[in-house]
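Number of protein chains: 2
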Amino acid sequence: MKLLEERIQRDGVVKEGNVLKVDSFLNHQMDIAFLEEIGKEFKRRFEGEKITKILTIEASGIGIACITARYFQVPVLFAKKTQTKNIAGEVYTSKVESFTHGKVYDIIVSRQFLDSGDRVLIIDDFLANGKALMGLFDIVTQAGASLAGAGIVIEKGFQPGGQMIRDMGIRLESLAIIESMDEQTGCTFRK
Amino acid sequence: MKLLEERIQRDGVVKEGNVLKVDSFLNHQMDIAFLEEIGKEFKRRFEGEKITKILTIEASGIGIACITARYFQVPVLFAKKTQTKNIAGEVYTSKVESFTHGKVYDIIVSRQFLDSGDRVLIIDDFLANGKALMGLFDIVTQAGASLAGAGIVIEKGFQPGGQMIRDMGIRLESLAIIESMDEQTGCTFRK
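Keeping their order, the protein sequence lines are chains A and B.
Mapping of the first sequence onto my numbering: residues 1 to 191, in sequence order.
Mapping of the second sequence onto my numbering: residues 1001 to 1191, in sequence order.
Please keep in mind that the hints were generated in silico from the structure rather than gathered at the bench.
Treat the hints with care, as some may be off.
[To be verified] Calculated Cβ distances over 12 Å to all of chain B for the following chain A residues: (1) Glu6; (2) Asp106; (3) Phe113; (4) Gln159; (5) Gly169; (6) Ser180; (7) Gly186; (8) Lys191.
[What the hints assert, rightly or not] Result set (BS3-like, lysine-lysine): computed pairs, CA atoms no more than 30 Å apart in a straight line: (9) Lys1103(B) <-> Lys131(A); (10) Lys1081(B) <-> Lys81(A); (11) Lys21(A) <-> Lys1081(B); (12) Lys1103(B) <-> Lys81(A); (13) Lys95(A) <-> Lys1081(B); (14) Lys1103(B) <-> Lys103(A); (15) Lys1081(B) <-> Lys131(A).
Quick reminder that beta carbons are idealized off the backbone N, C-alpha and C, glycines included.
Work out the full structure, taking the sequences as your base and the hints as a guide.
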């Protein structure tokens, strides 16, 4: 997605340790008009797919998923990262290892909101090692729901997650795939 | 907001300990068409106010804030609950005591996204004891920004947060104010 690549070049900041900061428009401050373009692009790519629910993970996936859901006219469900007393007792759960935070955490989704009648589109901001996506896929599987695919805003193509997901036969649509990144010269994108 | 009160009556579940579960449409699974009605109502209530940014707090405020921001055509900024290596070093920070989780946590916002030129609308799903709102207000104050007010979806009117915020002279618009709630009979609303 040309518009996204240009925005990453303009406003993204590459930091030591393969960190790409896009928090001025995507995952801390959010440019809503820009997210609408992202939502439209996901809709275009998954056009014709019957989708009943968008599944994402807190926190930075939620805004993208909600704006995207407008174009699919389906509800959004977000996986929570810790158990709270506000969630129903009956949950699907999976474990996710976080690249960003360097720890393992549980994700949970209430059983009542996902079942075998659902066809799910997973939406998230980043794909690097694929751990969050695998956790969400695990929950879709536990629910007996079917997966239409995963829509990712930025894939770090030099990390193994994307290849792993594609090798599993899961349809993966990444709007920008970063081939390499450098603190001085910025990002290069897969053609 | 009549539509919201009806939805709470229909789909909300009152649990022991003054817990109101609205996770079927508001803060776990999210009904996006319904959130659009909420966004329009916030816009109607704050019509004529010059607002440059919507501030919320992860995780359950984000979806509501993003959909609401479409009507104000401003960016959303969400306060993060833990420090991660993906956030800029220069942050505003405040402490918040959570009613839901029963603990104190830090919230942080990057300085680069909020300054004295901003006029902020705070959006959140619930107001009970007002701790999250006070933390966000503290961050707005640290930034030297001005506050247009706070838009809350559901205020628990029998807890002290709403009164405290109003006594401070902050404009508070709660779309539903619960006067009392009961596991058998459900919610009654302030007229």
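Against which earlier hints does the structure fall short, listed by number upward? 3
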